[in-house]
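Here the structure of chain A is known, so what remains is to put chains B and C in place on it, guided by the hints.
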Amino acid sequence: MWQQKEISLSQLSRGFHIITDQVIKQIPEIINISKGLLHIFIKHTSASLTINESADPTVRHDFETYFNKTVPDNAPEYLHKSEGPDDMPAHLKSSILGSSISIPILDGELNLGTWQSIYLCEHRNYGGNRKLVLSIQGE
Amino acid sequence: MWQQKEISLSQLSRGFHIITDQVIKQIPEIINISKGLLHIFIKHTSASLTINESADPTVRHDFETYFNKTVPDNAPEYLHKSEGPDDMPAHLKSSILGSSISIPILDGELNLGTWQSIYLCEHRNYGGNRKLVLSIQGE
Amino acid sequence: MWQQKEISLSQLSRGFHIITDQVIKQIPEIINISKGLLHIFIKHTSASLTINESADPTVRHDFETYFNKTVPDNAPEYLHKSEGPDDMPAHLKSSILGSSISIPILDGELNLGTWQSIYLCEHRNYGGNRKLVLSIQGE
Chain A
2 MWQQKEISLS
12 QLSRGFHIIT
22 DQVIKQIPEI
32 INISKGLLHI
42 FIKHTSASLT
52 INESADPTVR
62 HDFETYFNKT
72 VPDNAPEYLH
82 KSEGPDDMPA
92 HLKSSILGSS
102 ISIPILDGEL
112 NLGTWQSIYL
122 CEHRNYGGNR
132 KLVLSIQGE
Chain B
2 MWQQKEISLS
12 QLSRGFHIIT
22 DQVIKQIPEI
32 INISKGLLHI
42 FIKHTSASLT
52 INESADPTVR
62 HDFETYFNKT
72 VPDNAPEYLH
82 KSEGPDDMPA
92 HLKSSILGSS
102 ISIPILDGEL
112 NLGTWQSIYL
122 CEHRNYGGNR
132 KLVLSIQGE
Chain C
2 MWQQKEISLS
12 QLSRGFHIIT
22 DQVIKQIPEI
32 INISKGLLHI
42 FIKHTSASLT
52 INESADPTVR
62 HDFETYFNKT
72 VPDNAPEYLH
82 KSEGPDDMPA
92 HLKSSILGSS
102 ISIPILDGEL
112 NLGTWQSIYL
122 CEHRNYGGNR
132 KLVLSIQGE
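Heads up: the protein sequence lines correspond to chains A, B and C, in order. Everything in the first sequence is counted per our numbering, starting at 2 for the first residue and increasing by one. Everything in the second sequence is counted per our numbering, starting at 2 for the first residue and increasing by one. Everything in the third sequence is counted per our numbering, starting at 2 for the first residue and increasing by one.
Just chain A, same shape as in the assembly:
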């Protein structure tokens, strides 16, 4: 069984956001899958996807602090400046974190660990809507 759909998320503020429920709401088909995989792909080069802890919002805050420190806006060595000071660091963060994740499906549900959630990592100040492709496969 194969399913694939594209969804659009409304603009989020710069930072790290939990989107697990928004994703699950879009894929009721997984109820019929006993074992499989969900692949999520973001069609952008200045936002990314990762899996991390959902319980304490300070974790997401610390993610933003850490990545802004490690991949600073306005680093003097960047040549690619034409799209604003937050653009080149957004490209770098996107590749460090990655443009896709995949999660096992078991008995009709995502088989995430207790504390795991899906993060949409918005690296631009005004990133606009973000398109995701959800691919479901399994049996």
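Be aware that one or more of the hints could be misleading.
Identical chains blur together in the list; that is why a pair holds if it fits in one copy or across any two.
As the list claims (entries may be wrong) - Under the rule of at most 16 angstroms between Cα atoms (straight-line distance), these lysine to aspartate or glutamate pairs were calculated in the EDC-like manner:
(1) K36 - D108
(2) K36 - E110
(3) K6 - E78
(4) K36 - E7
(5) K26 - E7
(6) K132 - E7
Worth flagging that the hints you see were computed from the coordinates, not collected in a lab.
Below, chains B and C without anything else, positioned relative to chain A:
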């Protein structure tokens, strides 16, 4: 063909560990797959998976040194401190390295490069057992 | 439907290179896939794969600058020095960026975002040929 199973690895010390043989031992089914993929997912937010070199143990040592320097314990800017000084850096390292890997299967075997092995990256001082989901698909 | 093939790319200079067209040329089979996934795996521990922006070559230049600064050659703390000063940083960059990517296939084409391209990230000064495994699945 789809197979999926969850395995548990006993607690490993903080650092980078090769688990290729432990994984292969759990998936004798791949002998019947001529082309396919193995997907490995770790159900935790403070440990991760990557693929890297197995020949020289100093590589794994340098990984631990590098990530401790780049993502330090006890950074003064972390707000998420309630679970210990090694917890927030563990979350960051987990997302930088990633919670899943996937490897081609060819003619009944993992089609890794000569020097490639599977690393379990344990980012906590006392991380406990770690659960992995192994998904095998192919034909 | 499953297809899998191994291809070899001729030696590229150290840095970040767009290989989207080279990959697409090798997988004419995807014309028959209405929905699926392309998985690309690099069989090396000192080169990696990522997806990022293709329009402005200074982005790729800034990637090389950034990763050389963040993961320096000749860091005094590296123990693994036997294969040259560019070897240990190449292993680290390889795991930060990752050894595989996967991209949705829709109606016979890769379903990439407007600005997304496939990067081969060559982290060695003289890395030689690089082997990739392309796995196509879908229906």
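Status of each hint after checking the structure:
In this assembly of identical chains, K36 and D108 lie within 16 angstroms of each other by CA distance solely inside one copy; the values are 6 angstroms within and 23 angstroms between copies. Taking CA atoms no more than 16 angstroms apart as the test, K36 paired with E110 passes inside one copy only; the shortest distance there is 9 angstroms, against 22 angstroms between copies. In this assembly of identical chains, K6 and E78 lie within 16 angstroms of each other by CA distance neither inside one copy nor across copies; the values are 39 angstroms within and 39 angstroms between. With identical chains, the CA atoms of K36 and E7 are at most 16 angstroms apart between copies only, with a shortest distance of 12 angstroms across copies and 22 angstroms within one.
Taking CA atoms no more than 16 angstroms apart as the test, K26 paired with E7 passes inside one copy only; the shortest distance there is 13 angstroms, against 25 angstroms between copies. Only within a single protomer do K132 and E7 lie at most 16 angstroms apart by alpha-carbon distance; the minimum there is 7 angstroms, versus 31 angstroms between protomers.
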